[in-house]
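Residue numbers (the working numbering), protein chains in the order written: chain X, 19 to 506; chain L, 19 to 506.
Calculated directly from the structure, the hints in this document are not laboratory data. The reader is advised that the hints may include incorrect statements.
Remember, identical chains collapse to one label, so a pair may be satisfied in a single copy or spanning two.
Computed list of lysine-lysine pairs in DSSO-like fashion (alpha-carbon distance at most 30 Å, straight line) [what the hints assert, rightly or not]: (1) LYS42 / LYS376; (2) LYS101 / LYS353; (3) LYS312 / LYS87; (4) LYS50 / LYS471; (5) LYS353 / LYS376; (6) LYS479 / LYS354; (7) LYS474 / LYS354; (8) LYS20 / LYS42; (9) LYS267 / LYS360; (10) LYS360 / LYS451; (11) LYS267 / LYS471; (12) LYS353 / LYS451; (13) LYS479 / LYS376; (14) LYS479 / LYS297; (15) LYS354 / LYS101; (16) LYS353 / LYS479; (17) LYS312 / LYS197; (18) LYS474 / LYS360; (19) LYS471 / LYS376; (20) LYS354 / LYS148; (21) LYS87 / LYS50; (22) LYS353 / LYS471; (23) LYS20 / LYS148.
Single-letter residue listing:
There are 2 protein chains.
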Amino acid sequence: MKITSNIFEVDEIKLGNNTETIVKGGRHLFDKLPEAFLGIQQISIIGWGSQGPAQAQNLRDSLDGTDIKVCVGLRANSSSLEKARAAGFNEADGTLGEMYAMIAESDLSIILIADAAIAENYERIFNSVKPGATIGFSHGFVIGFFKNIGYQIRDDINVIAMCPKGMGPSVRRLYVQGKEVDGAGINSSIAIHQAINDHAMAYALGWAIAVGSPFVFLTTMEMEYRSDIYGERSILLGAVHGIIEAIFKYKIDIGVSPEQAFKDTAETITGRISNLISKHGLKGVFEALDEKQKEIFITAYNASYTPLKDILREIYEEVYSGNEIRSVILYNERKKIAPMGKIDDTYLWHIGEQVRDKRQGEVNDLDPLTAGIYVACMVAQVDILIEYEHVFSEIANESIIEAVDSLNPYMHHKGIAYMVDNCSTTARLGARKWAPRFDYILTQIAIPAIESKQIKHEAFKAFDQHLIHDVLDTCRQLRPSVDISIKD
Amino acid sequence: MKITSNIFEVDEIKLGNNTETIVKGGRHLFDKLPEAFLGIQQISIIGWGSQGPAQAQNLRDSLDGTDIKVCVGLRANSSSLEKARAAGFNEADGTLGEMYAMIAESDLSIILIADAAIAENYERIFNSVKPGATIGFSHGFVIGFFKNIGYQIRDDINVIAMCPKGMGPSVRRLYVQGKEVDGAGINSSIAIHQAINDHAMAYALGWAIAVGSPFVFLTTMEMEYRSDIYGERSILLGAVHGIIEAIFKYKIDIGVSPEQAFKDTAETITGRISNLISKHGLKGVFEALDEKQKEIFITAYNASYTPLKDILREIYEEVYSGNEIRSVILYNERKKIAPMGKIDDTYLWHIGEQVRDKRQGEVNDLDPLTAGIYVACMVAQVDILIEYEHVFSEIANESIIEAVDSLNPYMHHKGIAYMVDNCSTTARLGARKWAPRFDYILTQIAIPAIESKQIKHEAFKAFDQHLIHDVLDTCRQLRPSVDISIKD
Numbered sequence: 019m020k021i022t023s024n025i026f027e028v029d030e031i032k033l034g035n036n037t038e039t040i041v042k043g044g045r046h047l048f049d050k051l052p053e054a055f056l057g058i059q060q061i062s063i064i065g066w067g068s069q070g071p072a073q074a075q076n077l078r079d080s081l082d083g084t085d086i087k088v089c090v091g092l093r094a095n096s097s098s099l100e101k102a103r104a105a106g107f108n109e110a111d112g113t114l115g116e117m118y119a120m121i122a123e124s125d126l127s128i129i130l131i132a133d134a135a136i137a138e139n140y141e142r143i144f145n146s147v148k149p150g151a152t153i154g155f156s157h158g159f160v161i162g163f164f165k166n167i168g169y170q171i172r173d174d175i176n177v178i179a180m181c182p183k184g185m186g187p188s189v190r191r192l193y194v195q196g197k198e199v200d201g202a203g204i205n206s207s208i209a210i211h212q213a214i215n216d217h218a219m220a221y222a223l224g225w226a227i228a229v230g231s232p233f234v235f236l237t238t239m240e241m242e243y244r245s246d247i248y249g250e251r252s253i254l255l256g257a258v259h260g261i262i263e264a265i266f267k268y269k270i271d272i273g274v275s276p277e278q279a280f281k282d283t284a285e286t287i288t289g290r291i292s293n294l295i296s297k298h299g300l301k302g303v304f305e306a307l308d309e310k311q312k313e314i315f316i317t318a319y320n321a322s323y324t325p326l327k328d329i330l331r332e333i334y335e336e337v338y339s340g341n342e343i344r345s346v347i348l349y350n351e352r353k354k355i356a357p358m359g360k361i362d363d364t365y366l367w368h369i370g371e372q373v374r375d376k377r378q379g380e381v382n383d384l385d386p387l388t389a390g391i392y393v394a395c396m397v398a399q400v401d402i403l404i405e406y407e408h409v410f411s412e413i414a415n416e417s418i419i420e421a422v423d424s425l426n427p428y429m430h431h432k433g434i435a436y437m438v439d440n441c442s443t444t445a446r447l448g449a450r451k452w453a454p455r456f457d458y459i460l461t462q463i464a465i466p467a468i469e470s471k472q473i474k475h476e477a478f479k480a481f482d483q484h485l486i487h488d489v490l491d492t493c494r495q496l497r498p499s500v501d502i503s504i505k506d
Numbered sequence: 019m020k021i022t023s024n025i026f027e028v029d030e031i032k033l034g035n036n037t038e039t040i041v042k043g044g045r046h047l048f049d050k051l052p053e054a055f056l057g058i059q060q061i062s063i064i065g066w067g068s069q070g071p072a073q074a075q076n077l078r079d080s081l082d083g084t085d086i087k088v089c090v091g092l093r094a095n096s097s098s099l100e101k102a103r104a105a106g107f108n109e110a111d112g113t114l115g116e117m118y119a120m121i122a123e124s125d126l127s128i129i130l131i132a133d134a135a136i137a138e139n140y141e142r143i144f145n146s147v148k149p150g151a152t153i154g155f156s157h158g159f160v161i162g163f164f165k166n167i168g169y170q171i172r173d174d175i176n177v178i179a180m181c182p183k184g185m186g187p188s189v190r191r192l193y194v195q196g197k198e199v200d201g202a203g204i205n206s207s208i209a210i211h212q213a214i215n216d217h218a219m220a221y222a223l224g225w226a227i228a229v230g231s232p233f234v235f236l237t238t239m240e241m242e243y244r245s246d247i248y249g250e251r252s253i254l255l256g257a258v259h260g261i262i263e264a265i266f267k268y269k270i271d272i273g274v275s276p277e278q279a280f281k282d283t284a285e286t287i288t289g290r291i292s293n294l295i296s297k298h299g300l301k302g303v304f305e306a307l308d309e310k311q312k313e314i315f316i317t318a319y320n321a322s323y324t325p326l327k328d329i330l331r332e333i334y335e336e337v338y339s340g341n342e343i344r345s346v347i348l349y350n351e352r353k354k355i356a357p358m359g360k361i362d363d364t365y366l367w368h369i370g371e372q373v374r375d376k377r378q379g380e381v382n383d384l385d386p387l388t389a390g391i392y393v394a395c396m397v398a399q400v401d402i403l404i405e406y407e408h409v410f411s412e413i414a415n416e417s418i419i420e421a422v423d424s425l426n427p428y429m430h431h432k433g434i435a436y437m438v439d440n441c442s443t444t445a446r447l448g449a450r451k452w453a454p455r456f457d458y459i460l461t462q463i464a465i466p467a468i469e470s471k472q473i474k475h476e477a478f479k480a481f482d483q484h485l486i487h488d489v490l491d492t493c494r495q496l497r498p499s500v501d502i503s504i505k506d
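Take the sequences, apply the hints, and build the full model.
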């Protein structure tokens, strides 16, 4: 499985124990986009959720001055019509319209509606595509869903994916920041699920570069949805929430004040720890500790790695088996009678609000217990993905880079509970389901082990020589370091 | 769907809004057992877990003096061989032997091995049965499993179920106590999944009566496994654990001492509340409160009924869809590398041990907050089962009677964590999965509502006129009230 291109330079890089083909992005490549999109006159972005506004605007900006028209398609009477108009798409010049009409007239339709909406409307969506045209997704969910229901995709269209490894707002913001720092952006994976002509790969690459990816790697839609659904249930949302709940409770039990306990957990993860990992990798966290703190880190790491890995393995298997996708579909059927409530009204998150309100630019201490558990979780998450043979680009982006460079900075600003309450339905369901499991396994297994100093595992021994450190170093060299700007 | 019998008296009773056929048990019916088991010379109990020892001994005692031989079949080299010998089964007289050999020579083989073992060995088990013989289960799991894998059962054998609505040790203990109080025992459901002759129903009834059921009702194996797997994930194990975790934490947060918080939650549920429900029904709990406490109960009930019902509905759907059974199968494949840890080493359960050690026969206060939430959970569990059209006998037994008359008294003695750590794999997995969800939904939704006095729901309005009260009254009249004796 290799990226091939006559248009963009393809690099072979060593990542972990594999060689991968990647394409480095950047604004200097935008003049090659018309060649990459050969045969495409109209690209339509369908949906205006998280990725929709980001990709539609980035594509339009990148293709400015070419003959390729970038449009937005929405449900008739969609409440997002006004927002799309405010972003400059409009019915008058034909860049805004009803979604099925837009799909029917486009050469590339990029479907960015919610998973649930795909599950409800897939037949009409696929039937609307012109023969010979291309349909694109930013998530492999649809393939997992089709596997579940046994749906066969028609064979006269290209089916591709371009999946930014960060939330929509980050995709847009870093693209804008990229006007000053060329190459700033969110990395993406591409996948060619079905190719009916030689253009499919070029379209996927052009799409990734136009959206602003610093580097593009290859996966399959099957591997993408597994790692993506697994990732959001784990470190990106579920695990980070559960880890904070467990350690916060423990800190309170041993007499730490609530505000300090919040600083020692949520604040340090979304702030200092993320920043260190982003700039110096996982070892950077460990190296920033003094000797006594290093001991605490090692104990916490050893006590938590194995129980966390057990939950992570369970999550991966539940995703792989189709159970998680079935659960999402079941929820969509019952949501009218049992809508999800918010999680943000608990004691922990109220303390969090107070802490954020009082922030004055101070740098939080690096709590070694929290750091040990959080880093153990990232490594365990990586180890499961290695077992299931994901490529290292996907592993590093889905388990670490997306967390520290996209979600955590956003959560640092708005709060973790806010993020959990406002992400996609698939992710919200997953976070609700798995956060408590991470909390309980830490409370039941890891914390008693730390307390009693009865640590049975020596997982930390494998940390120093872990393949992931070099992988992160390489990934870091592939994109400029930019502190993402976060605004409301 | 009706019970029919020429041997035992069949009663029609009104339960809820339905009429059901039931058979009342008792020792006075034991002399009819040879007639019920017409054509059966040998009954083999396969497995020596929770139900195995209870049913094998009860059947042997009940059939004492008849020509029917009751045997036990185990894996060659099973570690339980010694225990079965200690209970009087032995190779010398042919009442103990290798399981497949036992199945092959039996007219009725009762398969009481773990779900996981059934999932692994089902082909050999079913292939070993003599043509024309009968295979029996005490759980519908196997049918859910077969639905999952698409396995077709051979059509030359009877397939029946007799499912005691209580754990094995209770089935044995109440049977022994029943020697003094005729009719004491654990209620059972029966199901005829496949009948190749007219005897199937009589065999199921005979089996139920021989094991000591005070009353026997009819269900299907499909409905049985749904209600059973749902029930153990809910009030029987998962919900009771999660409810206690949430309220305990809340009580600590508002300044209650840990010991008192444990008494206000776990102790009151497994002790006073269970006792009141067992003797006086759900209304008995409410009536035992003073006016001020009644207000707290109503607030707690109203704040928690809807969020609890949301989780309960999710559980039911996950069971119904096959997801939960698939999860159990997935666990069986990974258990060697990721065995389940114990839950009993946390602060909460350590406090519990201390509280139990200090018990001196005192009657705990009836905490109205805990009572309101616990009773709301039972009613919500009942309401979901009514929606899915289970018969009221099954609803009452699976949601209430099994809890207050079998599991809770046992947990009162040994601790809830002990129970969760020592039940069947299917149940342990379910309790681990769902207890944290009950905890989180209460912490995130119900407790903030109670605290802020912003209760949006008026679920309690339906409590007074609920059908379940009459159903419980009727069920109570069908079996003598016996305080189950609990020994280690």
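Results of checking the hints against the structure:
For a Cα distance limit of 30 Å, the shortest separation of LYS42 from LYS376 qualifies neither inside one copy, at 41 Å, nor across copies, at 69 Å. In the homo-oligomer, the alpha carbons of LYS101 and LYS353 lie at most 30 Å apart inside one protomer (25 Å), although the nearest pairing across protomers, at 50 Å, exceeds that limit. Taking identical chains as interchangeable, the C-alpha atoms of LYS312 and LYS87 are never at most 30 Å apart, the minima being 55 Å within one chain and 67 Å between chains. For the identical chains of this complex, LYS50 and LYS471 are neighbours neither inside a copy (60 Å) nor across copies (62 Å), given an alpha-carbon limit of 30 Å.
Taking CA atoms no more than 30 Å apart as the test, LYS353 paired with LYS376 passes in neither setting, with 37 Å inside one copy and 47 Å between copies. Taking CA atoms no more than 30 Å apart as the test, LYS479 paired with LYS354 passes between copies only; the shortest distance there is 22 Å, against 50 Å inside one copy. Taking the closest pair of Cα atoms, LYS474 and LYS354 come within 30 Å of each other only across two copies (17 Å); inside a single copy the shortest separation is 47 Å, beyond that limit. Taking the shortest Cα distances, LYS20 and LYS42 sit within 30 Å of each other inside one copy (15 Å), while across copies they are farther apart (71 Å).
Taking CA atoms no more than 30 Å apart as the test, LYS267 paired with LYS360 passes in both settings, with 20 Å inside one copy and 19 Å between copies. Taking the shortest Cα distances, LYS360 and LYS451 sit within 30 Å of each other both inside one copy (13 Å) and across copies (20 Å). When the C-alpha separation of LYS267 and LYS471 is checked against a cutoff of 30 Å, the pair qualifies both within a copy, at 19 Å, and between copies, at 25 Å. Taking the shortest alpha-carbon separations for LYS353 and LYS451, both the intra-copy value of 15 Å and the inter-copy value of 21 Å come in at or below 30 Å.
Proximity of LYS479 to LYS376 under the C-alpha cut-off of 30 Å is found in neither arrangement, the shortest distances being 39 Å within a copy and 44 Å between copies. Proximity of LYS479 and LYS297 under a CA criterion of 30 Å is satisfied intra-copy only: 23 Å inside one chain copy versus 58 Å between copies. In this assembly of identical chains, the alpha carbons of LYS354 and LYS101 lie at most 30 Å apart only when taken from the same copy (26 Å versus 53 Å across copies). When the C-alpha separation of LYS353 and LYS479 is checked against a cutoff of 30 Å, the pair qualifies only between copies, where the shortest distance is 24 Å, while the shortest distance within a copy is 46 Å.
In this assembly of identical chains, LYS312 and LYS197 lie within 30 Å of each other by CA distance neither inside one copy nor across copies; the values are 40 Å within and 65 Å between. For a Cα distance limit of 30 Å, the shortest separation of LYS474 from LYS360 across copies, 14 Å, qualifies, whereas the shortest one inside one copy, 38 Å, does not. For the homomeric pair LYS471 and LYS376, the shortest alpha-carbon distance between copies (28 Å) is at most 30 Å, but the shortest distance inside one copy (36 Å) is not. Within a single copy, LYS354 and LYS148 get their C-alpha atoms no closer than 34 Å, and across copies no closer than 51 Å, so neither meets the 30 Å cut-off.
When the C-alpha separation of LYS87 and LYS50 is checked against a cutoff of 30 Å, the pair qualifies only within one copy, where the shortest distance is 16 Å, while the shortest distance between copies is 85 Å. Taking the closest pair of Cα atoms, LYS353 and LYS471 come within 30 Å of each other only across two copies (26 Å); inside a single copy the shortest separation is 45 Å, beyond that limit. For a Cα distance limit of 30 Å, the shortest separation of LYS20 from LYS148 inside one copy, 28 Å, qualifies, whereas the shortest one across copies, 57 Å, does not.
Of the hints listed earlier, those the structure fails to meet are numbers 1, 3, 4, 5, 13, 17, 20, in rising order.
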